[in-house]
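**Q** Read off the chains here:
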Amino acid sequence: MVERPKHPTIRGFDESMAGKRAECDGGGQLPGTKFGVRHEFAGVLTGDYIDHGDPPWRWYLMRDLYLKPDAWGDEEVWCESQMLWLVEE
Amino acid sequence: MAKDPLRTPFCDTMDIEFPIIAFTHCKDVVAAVVNAGGFAVLGEAMHTPEEIEADINWIRSRVGDKPFGIDLVLPASAPGAETVEDILAKIPAEQQAFADQIKAKYDVPDPKSAEALHQWGGLNQEIARAQIDVILDTKVPVFVSGLGSPAFMIPAAHERGMKVFGLVGKARQAEREIASGVDVIIAQGYDAAGHTGNIGTFSVVGEVCAVAGDVPVIAAGGITTGKHLAAAICLGAQGVWTGTQWLACRESDVDMIMKEKLTQITADDTTYSKSVSGFPMRVTKCPWTEEWASKEAPKILPSPYQMLLSSSYTQAANDHRREDLMYDAAGQGVRFVTELKPARQIVFDMVEEALDTFEGITGAEG
Numbered sequence: 001m002v003e004r005p006k007h008p009t010i011r012g013f014d015e016s017m018a019g020k021r022a023e024c025d026g027g028g029q030l031p032g033t034k035f036g037v038r039h040e041f042a043g044v045l046t047g048d049y050i051d052h053g054d055p056p057w058r059w060y061l062m063r064d065l066y067l068k069p070d071a072w073g074d075e076e077v078w079c080e081s082q083m084l085w086l087v088e089e
Numbered sequence: 001m002a003k004d005p006l007r008t009p010f011c012d013t014m015d016i017e018f019p020i021i022a023f024t025h026c027k028d029v030v031a032a033v034v035n036a037g038g039f040a041v042l043g044e045a046m047h048t049p050e051e052i053e054a055d056i057n058w059i060r061s062r063v064g065d066k067p068f069g070i071d072l073v074l075p076a077s078a079p080g081a082e083t084v085e086d087i088l089a090k091i092p093a094e095q096q097a098f099a100d101q102i103k104a105k106y107d108v109p110d111p112k113s114a115e116a117l118h119q120w121g122g123l124n125q126e127i128a129r130a131q132i133d134v135i136l137d138t139k140v141p142v143f144v145s146g147l148g149s150p151a152f153m154i155p156a157a158h159e160r161g162m163k164v165f166g167l168v169g170k171a172r173q174a175e176r177e178i179a180s181g182v183d184v185i186i187a188q189g190y191d192a193a194g195h196t197g198n199i200g201t202f203s204v205v206g207e208v209c210a211v212a213g214d215v216p217v218i219a220a221g222g223i224t225t226g227k228h229l230a231a232a233i234c235l236g237a238q239g240v241w242t243g244t245q246w247l248a249c250r251e252s253d254v255d256m257i258m259k260e261k262l263t264q265i266t267a268d269d270t271t272y273s274k275s276v277s278g279f280p281m282r283v284t285k286c287p288w289t290e291e292w293a294s295k296e297a298p299k300i301l302p303s304p305y306q307m308l309l310s311s312s313y314t315q316a317a318n319d320h321r322r323e324d325l326m327y328d329a330a331g332q333g334v335r336f337v338t339e340l341k342p343a344r345q346i347v348f349d350m351v352e353e354a355l356d357t358f359e360g361i362t363g364a365e366g
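Quick note, the sequences are listed as chains H and P, same order.
FYI, this note's numbering numbers position 35 of the first sequence as 35, with every residue one higher than the one before it.
FYI, this note's numbering numbers position 109 of the second sequence as 109, with every residue one higher than the one before it.
Honestly, the hints are just simulated from the structure, not real lab data.
All C-beta atoms, glycine included, are put in the ideal place defined by N, C-alpha and C.
Any given hint might turn out to be false.
Heads up, incomplete: computed chain P residues facing chain H, CB under 10 angstroms, no partners named [said to hold, decoys possible]: (1) LYS3; (2) ARG60; (3) LEU74; (4) PRO75; (5) PRO92; (6) HIS195; (7) TYR272; (8) SER277.
Using the sequences provided together with the hints, build the complete structure.
**A** Laid out in structure tokens, this is it:
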């Protein structure tokens, strides 16, 4: 089997995104199952981000969630950048 | 001579005979559908990179140069890290007692093996990225992003001569994915099996076609017949994405008990229930879903607690092959899955019915 490289994770802060309201069409694999699940969130971006691997796969941290699934246990969510829509102030 | 309504540009692009995509978790079904002239996609979200590579090699050995796809569920949002033990410790006594009551009432045995919960919690980009590495290394003809945006990997896929399909539940997701360069958009409606978006198939397909421009749109959600295929073409789609009928085809590795159940039920026998995962999900009704829908049931827990509660029931039902307990995801088109047919026959029957439908409307032969 070919040895595959690990993907570095780089944390950063994007001031231009901090404090902005946004919506996220989120979701992912339901662990332990073959099913994917869609989640919708809306909240405020902190500006914190993670770039995963190369080319970078960017994720932003959202808090102050005013829309989240009933079943979402957390008070924050990491959102994939392409699934984020900034809400016009 | 009349134009063949099923010979869509998608067929030409993919070099396939029929605009029917089978989504399945069984590689035998992939081989059968591809060799029958359709297109098939293997769901590999639960598999390790090594298993994915082995499956790709196996399919290639059966279909030669014909195209096929691999589907992964890319995460689009993620909670903070938490271990399975942390989560188990937080399940409230009331809900645990109700789950135990269901087990006692229906004589649900213990599972024969431990529940598969190893991927719980945390950011899981590393898992997805390792899976994608295999997809790119093996130059699988088509990568399908079943959820989440594939934008970050599209240039790498195109450099390798691959195509990338994106499955969406809203028009704005389609616009974003088209801008990032996806080759095909699959618009999935609420009628589908499993966890879906909240827009119906007719509505979402129409909306996505309106914004897709030249990018082919494939319709998904509740599609099991040739009439559905004809309707999807009329909506502007260039093909259909189908799932439920392949669960019950002869080649499928789904338990025979579940296959037979699928041939006997209708849309009314499915339920959009939060009781399995905590999130609304379309599955066939079973004692677990019905008990949690009763007046006596406590509040359904948030994810991932509800999933942990249901996992023992699910695994026991499958391990012990208990027909009275088993369930599976199924779309609202399940009524028309009435026989255990070979995959090839399903493809041909859908095509024939679609052509008959067009002929009946226009009076012209396809």
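**Q** If a hint holds in the structure, say so; if it does not, say that too.
**A** Hint check results:
Interface restraint check: LYS3(P) against chain H, minimum CB-CB distance 36 angstroms, threshold 10 angstroms, status violated. This hint is violated: ARG60(P) has a C-beta 17 angstroms from the nearest C-beta of chain H, more than the 10 angstroms allowed. For the restraint placing LEU74(P) at the interface with chain H, the shortest Cβ-Cβ distance is roughly 8 angstroms, inside the 10 angstroms limit, so the hint holds. Restraint check, PRO75(P) versus chain H: the minimum CB separation of about 4 angstroms is within 10 angstroms; hint holds.
The interface hint given for PRO92(P) is violated, since its Cβ lies 12 angstroms from the closest Cβ of chain H, which is over the 10 angstroms cut-off. The beta carbon of HIS195(P) comes within 4 angstroms of a beta carbon in chain H, closer than 10 angstroms, and the hint placing it at the interface holds. Interface restraint check: TYR272(P) against chain H, minimum CB-CB distance 13 angstroms, threshold 10 angstroms, status violated. The criterion of a C-beta within 10 angstroms of any C-beta in chain H is met by SER277(P), whose closest approach is roughly 6 angstroms, and the hint holds.
When the structure is compared with the earlier hints, violations turn up for hints 1, 2, 5 and 7 and for no others.
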